[in-house]
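Chains as they are written, first to last, in the numbering used here: chain V, 1 to 323; chain F, 1 to 257; chain G, 1 to 456.
Don't read these hints as lab results, they were simulated from the structure. Since the model is a prediction, treat every value here as computed from it, not as a measurement. Some hints could be false.
Claimed, not checked - Okay, derived cross-link-like pairs now, BS3-like style, lysine-lysine, Cα gap no bigger than 27 Å in a straight line:
(1) Lys292/V x Lys305/G
(2) Lys110/V x Lys165/V
(3) Lys165/V x Lys348/G
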Amino acid sequence: MTGPPRSREQLETAMRPTRPRGQLLFRWAIAAAVLLPALWSASGLNVSLDRILGAPADIWRIVIRLAQPDLSAGAVQRALPKVMESFFIAWIGTMIGAFFSFPLAFLAAKNVSRGAVNNPIRQLLNAIRAVPELLVAMVLIPVTGLGAWTGTLALGIHSIGTLGKLSSEVIEGIDGGPIEAVAAVGGGPVARMRFAVVPQVMPNILAYWLYRFEINIRASAVLGVIGAGGVGAELIAQLRFRDFSRAGTVLFLTIIAVLSVDTISARVRRRIISGHREPGPVAAYLAGPWWKRALMLVGVAVGVALVVFLAIQLQTEVGLFDA
Amino acid sequence: MIEFDGVEVTYRGGLKALKGVTLTIPDGELVVIVGLSGAGKSTLLRAINGFVPITAGSVRVDGVEVRGASASTLRELRSHIGMIFQTFNLVNRTSVINNVLMGRLSKVGWFRAMLGAWPAADRELALKALERVEIVEKAYVRASDLSGGQQQRVGIARALAQEPTVLLADEPVASLDPVTSHHVMRDLRRINRDLGITTIINLHFLDLARAYGKRLIGLRAGELVYDGDIGDVAEATFRDIYGRSVTPDDLLEGAEL
Amino acid sequence: MIDEAAPQIRPSPPIRVRTLFLPLIVSTAGLVVGGSVGTLGPSGLFWGAIASAGMLIAFRLASIAVTPLEGGLLSAGVVASTVLSTLAMPNAPESVDVLRTVTFALYWLPAAGAAAFVALRRGAARSASFNVAVAWLGAAALALPAGVSFGVIEPIESLFRGREPVFGGGHYAIVGLAIGLIGAGALLAAIARIPSLIAGAVVLFMTLYAGSQVGFSVPELIKDFGNITKVPNFLPPDFKWAIGGGDWWWVPSWEFGSATRANPLVETIRIAVLATVLGCAVSLPLSFLASTLTAPNRPSYMVDKGFINLIRTVPDLFWAMIFVTSLGSGAFAGTLALFFFSLAIMSKLLSETVDSADPRPLEAAKATGSKHFPAVRSAVLPQVLPNYVAYSLYVFEINIRASVVLGLVGAGGIGQVIETQRGFFRFDRVLAVVILIFVLVFVIEQVSIALRRRLV
Ligand SMILES: Nc1ncnc2c1ncn2[C@@H]1O[C@H](COP(=O)(O)OP(=O)(O)O)[C@@H](O)[C@H]1O
Ligand SMILES: [Mg+2]
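Could you put together the complete structure from these sequences and hints?
Structure (structure tokens):
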């Protein structure tokens, strides 16, 4: 690369902007703002170095035992209903949240309700959101007693806060044109909501409900810690007995449940948002080449056989299905 | 020197985008490739730096075979082939100089590149490249704050920062207005003359090709239909390339040829 | 001037869900009345006949003409299923369990098969026809549990509650019609493409069933209102103790053999800060491996994506329990727990952002002969950096909230105080601490939200 004439180069060098120093300073400031609190936090944890160095080994010892879950009929029979209970708690909790947050979201949205209304409602939603589900459950226990219903209510209340906020943000993001159009043909406030707002926001709000359900199924799993139903109590109990393979069963079933809910829910959400259906597994099966079809058929057959086999085993050994 | 010998490219799905293309581009030449959209211009260009794997024949750049080259050979090859894109392909959220410094990625060490700790010599090179396209005063501005023409000049500077021996420009002015187009084309021609970099430019517009090119390559449906001096091009040649007479749509400024 | 427009074909109105429900509800009502006066025989034939008649009327009202062959097939399927059901279960079941539920669903295979066949014949997509059969079987599987939670079926095993066994033709018929409702709805939906009908029916049943499982019941709810009087246990919140008078500010650290004392509230913040910083730092490289755009190769993508999805399924307190078990109680376990928790959240959010980043700058970087990761670093990282910072703040908010409850399982922080006071039944103190935490979380969140809003 041969340079341009000397004089021109000098001229252009003179026109070069100076490198802004502020950016560098800003970078150091950011680094300090992250690292100093981190160091402060680390210093306060009172962990000796050999404890940190020994931690991976300690964790590994437990994790490999948890990774060998006891999948015998008895263990599964004990853990499965708890996992199902968590699932039901999450479902009803989400339903409660959806049911109550829906009208509240309209009241909290700045573009469809007046300041005197939306401000207090928004603050109420913020306040509800700030309290973790477990603390809500703890406060509820004296009233509703120990059990799944308490956890359900706690999840429901917390979900009202989160769903209310998210939904009201969706409502605030809508196109104002249709509202005016409905108003122009003489629609009252309810008609405006029903015909101009709801159709616009429903897909997104539905998607948030599903998303909340995914979160709630995790949250409901831990409610058992304080006796508010679900699989958490079982995990604590097994860990206390140091029965790690049984604890592994609980973890294993929880992970399976959460994974299935996530997968299905994510699929439905994508479909709701995009508004058209994606080819499902069956359609993919029908559209695939013959070898793929054969492979899937074999896979399904093996899966079904496994389930049937497991069911028969469970039935003959412990009679899982005779409650 | 770039040598194409019976090059075929078949995309997955069976579409044949290049059909037996044979040509040689000596060092320092400025070549313009024209053809209808879908004729295979981009494919030809991308075969040179191995972005598109060729399915038959051979492509050699300075004697190095591109077909079936190992990953490290390809990287070495690409490090001295600059590429300029129709859509500029800048990182919008960072400064102009950081964009230009991307041209030095193949030259600095892995850790320096990851940390963004560019050696002073590379910074100097980047600023020089910006000076060559006359936009050095914007060095510390965010790339997204520039106009289209300015962004394309940053794209050229990024390629120049590689200290390339070959420049590939894929429709470099297709997203620009006529005046800026001429500016960018003049820059490219000047770089070709001053630095002796082999330059291959895909163009859609005939008048631009005629105004800035010397050697013209015409593609039609993946086949080489013309390869020669641009001065010899007649109406019949264009009919060969386009399959019809020239219309104002084929011209940047809509004038007659 | 004569209007000579070509005759236009008016499209027939779309099928309304309502037109389907009406006849089925009417025939259900008839069956209930019939059943409660005990005129329905247990053979299932009569029940099936009424159910299929209701279904055919529904088709008629929805203006879907059914050929005699299709009608006959549907009726035969439904009747066969009802007969099978009643033959297999002539009396109230011992209990309603998984096996019985599944078997009951299988009795409805004839009806499901007939419906799917008709849907196929009527030009529904193959997958839609498959869904019809699945919906029909799903409805059948839900029928017994739903019947229990509605109180139309009372299994014998629950008789100790002092109730009469409930099982009669009419009640059975309700269950059968519920199946018919969903199954025929699915069939209609497949032919006329109303997917919301299936979704609505499934959600309804899920909710009713789940509601019965979590102990939702109106009488209980009313009884709970009576318990509101117990709320005064919490009142007034003992702020004096919480803020200064109490000794919880200086409870001993849970570090074994250590004399140092830690303030639990400060410890809570420390756990959240450290876990956020570490989690977000580690998730940065992981996120790039977990996106098809930036992963260097397929295996590393699969492994990393799998890892992230796996750790994402484990709830925060489960991590805490695992680490408390393996490392002993204390803030160290809590920090590790939240570290994995943050890692999972951040990696998911960030890798999805990377997925949607502009791939063209990366191509430009690759064209300069760059190695993979330097190219990603200069072409993709700047694109996602603002999001990364915003997500980090978001993760911090979540961690603050999560770190509050870590103490409930012994993983350090202020939760331990709550747990102790709860054990002493000092709900006034619990409430005071909860309110204190609430204020803290609220303030941190508002600051963080304000910061985030300025970023993206
Ligand atoms: N990645 C690809 N996969 C399949 N077909 C492609 C791909 N890229 C280009 N093509 C096809 O190859 C042909 C030539 O494309 P291209 O080289 O981009 O043409 P030009 O740049 O002249 O418009 C077109 O028909 C195009 O559709
Ligand atoms: Mg092209």
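Consistency of the hints with the structure:
Taking the CA atoms of Lys292/V and Lys305/G, the gap is about 24 Å. The hint holds against a cut of 27 Å. Proximity of Lys110/V to Lys165/V is assessed by CA-CA distance (about 12 Å); at most 27 Å being required, the pair is judged to hold. With a CA separation close to 22 Å, the supplied pair Lys165/V and Lys348/G stays within the 27 Å bound.
Going down the numbered hints, you'll see the structure goes against none, and every one checks out.
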